[in-house]
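Residue numbers (numbering that gives the first Met the number 0), protein chains in the order written: chain A, 0 to 305; chain B, 0 to 327.
Hints in this document: simulated from the structure, not taken from any laboratory.
Quantities reported herein were computed from a predicted structural model and do not represent experimental measurements.
Hints are not guaranteed to be accurate.
As a list, the in silico EDC-like pairs of lysine to aspartate or glutamate whose alpha-carbon atoms are at most 16 Å apart [unchecked claim]: (1) B:Lys110 to A:Glu301; (2) B:Lys151 to A:Glu301; (3) B:Lys204 to B:Asp188; (4) A:Lys200 to B:Glu222.
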Amino acid sequence: MTKYILKRVGGIIVTMFLVSIFVFMIIRLIPGEPARLMLGDKATPEMIETITKQYGLDKSYFEQYMIWMKGVLHGDFGNSQRTGMPVMYEIGLRYGKTVRLALYAITWSVIAGTIIGIWSGTRAGKWQDYTGITVSVLGQAVPDFWLGMMAIMILCVKLHLFPIIPDGTFRGMVLPAFTLGAYMMSTVARFMRSSVIEALKEDYTRTARAKGLKERTVIYKHVLRNSVIPVITIIGMQLGVMLGGAVLVESVFGYSGIGLLLLDSIKYRDYTTLQMLILIISFHVVAINLLVDLLYAVVNPEIRYD
Amino acid sequence: MEDKNILEVKNLCTYFFTDRGVVKAVDGLDFDLEEGSVLGIVGESGSGKSVTSLAIMDLLRGTTGKVVEGEIWFQGRNLVELSEEERRMIRGKDISMIFQEPMTSLNPTIKVGEQVAEVIRLHQGASKQEAMERTIEILKETGLPRVESMAKEYPFQLSGGQRQRVMIAMALACRPKILIADEPTTALDVTIQAQILELMKELQKKSGTSIIFITHSLGVVAEMCDKVLVMYCSKAVETGDVNTIFLEPKHPYTQGLLASIPKIGSQADRLDSIPGNVPNPKHMPSGCKFAPRCAFADERCGQEEPPFFDYGNGHKCRCWLCEKDFKG
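So here's chain B without its partners, still in its complex pose (with noise of 0.2 Å):
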């Protein structure tokens, strides 16, 4: 199994830092994505699942963020250790990436096609002309209506789901081994979203592009991914199938996501959620992260950090209640 992963993180380490301090927003996070899947990273805001895309993108520069540590293997290159020009011939022509902000993520003043068709001519050296015909070509795929006509409109033109069809084009251009979604539909109305994500998942049919999906929607990770990776504080808390994932969900902090979904049917007055906030990266609890939170938490979790145990399969989890179930 191990040869069919595209990419493999070992112990990732991004750290920002501030002028009040470091921030660890990514802490050793392992994981792999197997070619052909789809992997998704589920996690609440602040998780470190944003920082963890741009940190496979090299798109750190002008923060203060930085990768510290760790390793990200890409078709047998370590990527942390290539320069800034290998990573940038990388960027949007193996890997790629959709962002959050439809709205604002085009550039205002430059021609859709066009900034599509820049893609293909900088990473497939074709013509002017060439890259305007793949261009129109690209945005039939992703649906859109009048494609001859839109590519010479300006983003404004164009409404909130159709420029991230364009925006999706765009990535798929150069055919990427890679995609990466971060929350592609969060700020899309909701019949958008999932126009968006049929849309994308014919796309990966098609293609075979192995995408790493971001969401803090579950009901987009059953619905889309093959593995699922939460995390909390800057950590992974829990991996594995999309199915054992929703079915026997190990961690609290999984278990209490799974819950605080509505069910439709259901007579419940209230929605269930987790009790407490995400705690504030300056002051990180020393054990387990998820302790103060937890209903199960005892003293020790809020002393020692939890190992992964790891149930095969790929179904990992970091919580000690999981001990006895490998002392047996």
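Just chain A, with the same shape it has in the complex (with noise of 0.2 Å):
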């Protein structure tokens, strides 16, 4: 087991190595000059010059590569070409805030996608299952930007249940995580359901019904533990999905996260803010998907011992 997290530990460490890689040149492909854009439609030429040195961006991309990695591993991360502040700093204002609307999203769709999808697999073909189904397919197939101005205007325009505006209370935080957590609540909906009717034709469960044990046991217990496992997989490809909704979310809420930031960064091809940035989200899907995989050896003993 040791052996196996350091390997993908490892793994990790060469998977980032290339995202800094191609996260920097990507970066440098986006038209436009940063000094320029920085400076506004104004500056002369000296002052973009000035910036531009100041950056370090007149020097070669590998030059910059270099200055850049060695910064970000004795933990300098630069400072922001559009605030002048550091990185760090203006990183680690937001980070907390996605943090949050990540987990509540995470939380309520898991829940919410589970009980669906036991509702509808153990109700195969009843009208049960048909709501479940539907449900699901409908949060799959409305894109997060339009539930999301769908919620603001109904629920808070019209009907003033929540503000309009994130303000940092819980109830601010329901709608943003609503619309984050649509997709996640769908995908881990289906994806139960079809495991829940497959466990159930197992002769397992036929071995349990044989013992005299109630439904309900067969089902929470016989039925689950096995049927949790392919969806434990499905949540771990959707997190990094859900980061990318992340972004969408918050800028249809005014939600200011790192989502919000990555956009302006983008905007103001603030170089420095957008390839941290990308690497930290990056960092964060490949450290999920790790977490993951020791989860499903916890929940699948086939897997714990080989």
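Starting from the two chains in their separate frames, assemble the complex, guided by the hints.
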């Protein structure tokens, strides 16, 4: 087990190195000069040159990359070209907010998705099943931003149930978290449903019934343990998608997390902030995948001992 | 003799209602299980053996199958009329079952010991610790090695034979009155088969449990059973003592089955087999179901279904050929 974890951590380091190169290059392919965007239309060529020099943008890409990496490895992420503040500070200000949003979204969507999936799967072909399928297809088909805008329009503007701009209270979190989790909820529900239907057909389910166990025990002990295994993989894969969704949801709700910071950084060609943000997000995706794989081993005994 | 029967099945009809029509998997089956005896149900695949056992266990839920007619008498109660809850209380406690596929019949995510202990807690109200102690005891009875550590392992860590022993332990955990074994050795290696059969015989002798042994192997029947019920196309065609059936089979199908057992020392170039296939349940022949494959069939066999002819002493046969024995 320890060997396995060490191997995976090594893999993460290699992945992060490749991601950093890729991110660095791709950002510099976006058209637009950072210094000009920073200074505005009235900037003189001298001013632009000064700024370009100050941020080392006149050096070769290789040198720029080396400077950046050296800083990152020493814990210095550089200063934002947009605000002049340290990138670490800018991200630190918003990181917690996005984590909070994502945690709320994951929590509700995984719980609701699991419940709907079990509900549908154990009543396959009945009206409850069709209701479940309808909800989950809707959740997957409706885009995040549209769902968010509709929620704001109806629930905030018309009915005044929630604050329009998230104000840091729990009530303010409800709609952004709802919107962000909708897709995940649907995915979990659909996979859970088919997984439950599969497990119900298995021989071990028949054995459990033959023991005289209550149907409840059959489902929540014997069926569920087996049907969560594939769903966990799906959740892990969807978490990356969810981080992307956070950018959209944060901009729809004006929620100042790292998603919104990412958007602003793109607008102003804030290379230092942008490359660091993407690097951090990639790191989360990779780390979450490792966590999910470890969790997978916890629920699936066959993997644990191999 | 009548009151010694622990289970009486009368005119059992189990149909499957599929999109393409009704399939009569079991159609008017009668049999008795004498207390303490072993009844073998023999027949080809699709003859309705397994469905019969599922009907007795009330495990047809989740399939399209349903008991549409008939009675299943057990301890003075007709099981067919009981509620779902009442039948659940009987399952695993008074009547339990072993399945054909030991590789998939145990839950892969639950420790072996817990899977056995669960039944004991459920039906005997034992505490967690008592149940585990009983589990270890029962697992030892089935001849498993290093039981204490094995109880903490998962099914994938056990071999097929070991898993089937766990299944047997699970089925016998509550000392059931009846054990239904649905081809318990079919999926196992021949040497393991013999061991499992030996174990079942031994445990049966010790506990006096009555057994319904479902198999397609007459060799297993000869080894295990007191009485035999031969099924063909959802009906019983012949029943009797194991000796009678083996020595004086009356039904051409039973004779065919016996002839198709290869004999050691015989010089036959070919194995005897019954020509043809089991008819499609959707296109059942109208008279005797076996007539299309029967060497002795005449016109009447294709039109009229023969009744049971009773030779006495439990030997009955459903064939027109038997009629002459009774006309004198």
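Query raised in the report: Hint numbers the structure violates, sorted upward?
Result: Hint check: 3 and 4 fail, others pass.
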